[in-house]
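First to last, the sequence lines map onto chains V and B.
Numbering of the first sequence is given in this note's numbering, commencing with residue 547 and proceeding in unit increments.
Numbering of the second sequence is given in this note's numbering, commencing with residue 547 and proceeding in unit increments.
Honestly, I wouldn't trust all of these hints.
The list treats identical chains as one, so a pair stands whether inside a single copy or across any two.
[As the list claims (entries may be wrong)] Listed below are the simulated EDC-like cross-link pairs for lysine to aspartate or glutamate, each with C-alpha atoms no more than 20 angstroms apart in a straight line:
#: 1; residue 1: 616; residue 2: 966
#: 2; residue 1: 768; residue 2: 966
#: 3; residue 1: 865; residue 2: 847
#: 4; residue 1: 875; residue 2: 609
#: 5; residue 1: 875; residue 2: 966
#: 6; residue 1: 553; residue 2: 606
#: 7; residue 1: 570; residue 2: 674
#: 8; residue 1: 892; residue 2: 879
#: 9; residue 1: 822; residue 2: 992
#: 10; residue 1: 570; residue 2: 941
#: 11; residue 1: 865; residue 2: 907
#: 12; residue 1: 768; residue 2: 718
#: 13; residue 1: 570; residue 2: 907
#: 14; residue 1: 768; residue 2: 949
Hints are computed from structural coordinates only; laboratory data are not their basis.
Since we're looking at a predicted model, the values are computed, not measured.
There are 2 protein chains.
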Amino acid sequence: MALRDLKPVARNAEGAALVAGVLKQRFGERFQTGQAIREQHAHTTTYIPVQAPDGVVFPETAEEVQEVVKLCAQHRVPVIAFGTGTSLEGHVNAPGGGISLDTSRMNRVLAVHAEDLDVVVEPGVTREGLNTHLRDTGLFFPIDPGANASLGGMAATRASGTNAVRYGTMRENVLSLSAVLADGSLISTGKRAKKSSAGYDLTRLIVGSEGTLGIITALTLKLYGIPQAIAGGVCPFPSVDAACQAVIATIQMGIPVARIELVNALQMRALKTYSKLDYPESPCLFLEFHGSDSGVAEQSELFGEIAAEYGGGPFQWTKVAEERARLWKARHDAYWASMTLRPGAKGLSTDVCVPISRLAECIAETEADIAEMSLIAPIVGHVGDGNFHVLVLMDPDSRAEIESTERFVERLNMRAIAMDGTCTGEHGIGQGKMGFIEHELGHGVDVMRAVKAALDPLGILNPGKIF
Amino acid sequence: MALRDLKPVARNAEGAALVAGVLKQRFGERFQTGQAIREQHAHTTTYIPVQAPDGVVFPETAEEVQEVVKLCAQHRVPVIAFGTGTSLEGHVNAPGGGISLDTSRMNRVLAVHAEDLDVVVEPGVTREGLNTHLRDTGLFFPIDPGANASLGGMAATRASGTNAVRYGTMRENVLSLSAVLADGSLISTGKRAKKSSAGYDLTRLIVGSEGTLGIITALTLKLYGIPQAIAGGVCPFPSVDAACQAVIATIQMGIPVARIELVNALQMRALKTYSKLDYPESPCLFLEFHGSDSGVAEQSELFGEIAAEYGGGPFQWTKVAEERARLWKARHDAYWASMTLRPGAKGLSTDVCVPISRLAECIAETEADIAEMSLIAPIVGHVGDGNFHVLVLMDPDSRAEIESTERFVERLNMRAIAMDGTCTGEHGIGQGKMGFIEHELGHGVDVMRAVKAALDPLGILNPGKIF
């Protein structure tokens, strides 16, 4: 699907040249056109071809973002917002050229409101940067997509990650935001109240819009108190199905698990070698519990009992920070561990999300596909949400392997949709998943197009993405 | 302000007569034009004047909703979706006449997915109806705006209530929905996956749009396991400020309180008489904790310690269901209790929401206003979210009282906005709050208008509301 469906966008070379001239004069060293930097600002994280912008600008204020967008609107030149470039579906590619708007210099934490459990940041602040900034407050921002992504990028792609099961996704954790629209005007989508019924939910309209409706210039995010106690551990299961049944029972009992991650047998093999973990090469759940000292102990014991009911265990858990850190480092290193399964390969990471009742079946059919197609493709999943990732290790120079990977991805996505799920739980549509969104949402995509046409009639904001 | 700002909408009497003729023929007894039923389908819950529709239709399927909307679109006649009519800001009024589309016959629970903790319902199912349906499953739907509202109406107004602090609002609890758009087409905004990054968040675009973008025909809602144990109680405080400080500390410590409601001194006086509660006539917090047996005990003890630190207490709590039920019945009867403070008066209920750090100050200034303006106006609040309600008891036949009430409401709303809050936490804009949304969101309201124009170019869906 991915390669076949890259949507062409007409180039406006003359306009781009005019814009580049003005930007050079206006921004000096903060506007770059060298090939290396342009290519770094295109898609670099999978085999989707690099489509570089014509130049990269580094604004420092919302007013500068407005200036750039107005200039580009005037000359009908695309503007592509760029955070850290860790998106996985070609979101930052420039199929019609244009200007990459790099937010990395907009990286100030503008205000921490400890009493209100919120923080106001510029879009270029990264999640690790934010948590470092917060280190003396007793508060933290939980959303963790793995990469040290920018918060603007995370909002734009509706990112989530391992602890979404407890804390939600960017959808739930952006209180409000400011954004520059396609005409260069600046809007604020709300104040700092925890909830509001004042008109359309513009915050959620921009979150997940992948830079196609507006460029985020500030975000108000929810914060959480660092829990008094954290417990975590690993629990092996005889099968993916048994692990999924245990997850369902855990969620149904209302155990407020903070993380519940599935690692399949192949991925465990990679982790054992790479991270020197001493667990069986069978499907495992990695868990974490947040709460009071007695609370996390109670939750851990309860989960251990549930696991045993489904033939899993022993569930070894600990409150010792160093031991937990080692486990979660291993989980976060899953990508690098996987790469050792096929040195020299390129990894294509794809994600789907299904109702949790269909998860075991969906993973089983996917593992069968992997075996039948002779792919090397470990699976990890945020299974509390029914979300899982497959990392296909392939030779990027082999047309045959790309084609079989695409066939596999297509089958996986159509399977998830057929199971009342979605073609992407957290990676977004970008260029890579454009072939699937119509299958999933039908006429709903026309509504998206109508909103896009109303807010960006010239189509200059990140064209060639989503639909 | 409410009276001053009721937006006129041009009537299309000829079109309405044509539509009524066709609907009578098509729907027979399921289309009504009697004055009483028309007036019941207009705004009846405050002093905003009744603006009745030209007729009321009772569709039973999404296809019938499509038929009605297509017919109205053809003749440019307004369609106003109607649930149970418990909204408080004139949402269901028909300032330009037109057809009230009553969803009460679309009241089937279509599917309960216990393993996935979700349920699919038609819009006319009420929240009590849903929970009765679920009674043997061990699951419940928590959102409780007080009235036994329809779930379609609750979604359309982004309702919440006492336990939003723990479970979120309709924003967080609608997984996806189906809606008939202004052209009569039907969309589905998503599948049943817990999370998705597939394009624009159409679910959140429709939730809170007050029937102006589409008419909801089905909803997939999140469910929760009924907690193993529930504890609750009442805690008096020497002042609203002390109570608010205790709330802030409770939230900051991450105690997962399920309900934390402020009742001010005047409201306590009314409750003591009406509900025979034996507490001092001082500001009180009503609390509820959900969890395991030991968990709720731990949370209750912890809260008691926090309350004592701020001069509050004693915190009397219980796990006995009957005693808790009595407390919460009293809290839910606050409206009726208040009415005894001024027999014969009409109550105007208004709500605002501010960052919790500003809550004590906002309530103090509001109480000062009430005293200075000699109003009788008790206050209750979902203070964990910074949200509170003032019920102004006034003589609806007194122009002077209406004017002073409007002045009070205006001052309250502008105060909340100035404190970085919102003019409505959960009631919505409707007709009553149209004067404030521009103050709160500025150019953002133009974006809402652009979306509205794109999706409803003829302006037939609930005209004269929001902006």
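How the hints compare with the structure:
Taking the shortest alpha-carbon separations for residue 616 and residue 966, neither the intra-copy value of 41 angstroms nor the inter-copy value of 29 angstroms comes in at or below 20 angstroms. Proximity of residue 768 and residue 966 under a CA criterion of 20 angstroms is satisfied inter-copy only: 15 angstroms between copies versus 30 angstroms inside one chain copy. Within a single copy, residue 865 and residue 847 get their C-alpha atoms as close as 13 angstroms, which meets the 20 angstroms cut-off; across copies the closest is 24 angstroms, which misses it. Proximity of residue 875 and residue 609 under a CA criterion of 20 angstroms is satisfied in neither setting, with 40 angstroms inside one chain copy and 53 angstroms between copies.
When the C-alpha separation of residue 875 and residue 966 is checked against a cutoff of 20 angstroms, the pair qualifies neither within a copy, at 33 angstroms, nor between copies, at 39 angstroms. For the homomeric pair residue 553 and residue 606, neither the shortest alpha-carbon distance inside one copy (31 angstroms) nor that between copies (42 angstroms) is at most 20 angstroms. Neither within a single protomer nor between protomers do residue 570 and residue 674 lie at most 20 angstroms apart by alpha-carbon distance, with minima of 32 angstroms and 63 angstroms respectively. Taking the closest pair of Cα atoms, residue 892 and residue 879 come within 20 angstroms of each other only inside a single copy of the chain (16 angstroms); across copies the shortest separation is 64 angstroms, beyond that limit.
Taking the shortest Cα distances, residue 822 and residue 992 never come within 20 angstroms of each other, neither inside one copy (50 angstroms) nor across copies (57 angstroms). Taking the shortest alpha-carbon separations for residue 570 and residue 941, neither the intra-copy value of 40 angstroms nor the inter-copy value of 67 angstroms comes in at or below 20 angstroms. Taking the closest pair of Cα atoms, residue 865 and residue 907 never come within 20 angstroms of each other, the shortest separation being 33 angstroms inside a single copy and 41 angstroms across copies. For a Cα distance limit of 20 angstroms, the shortest separation of residue 768 from residue 718 qualifies both inside one copy, at 9 angstroms, and across copies, at 14 angstroms.
For the homomeric pair residue 570 and residue 907, neither the shortest alpha-carbon distance inside one copy (55 angstroms) nor that between copies (50 angstroms) is at most 20 angstroms. Taking identical chains as interchangeable, the C-alpha atoms of residue 768 and residue 949 are never at most 20 angstroms apart, the minima being 42 angstroms within one chain and 39 angstroms between chains.
Hint check: violations occur at hints 1, 4, 5, 6, 7, 9, 10, 11, 13, 14; the rest are consistent with the structure.
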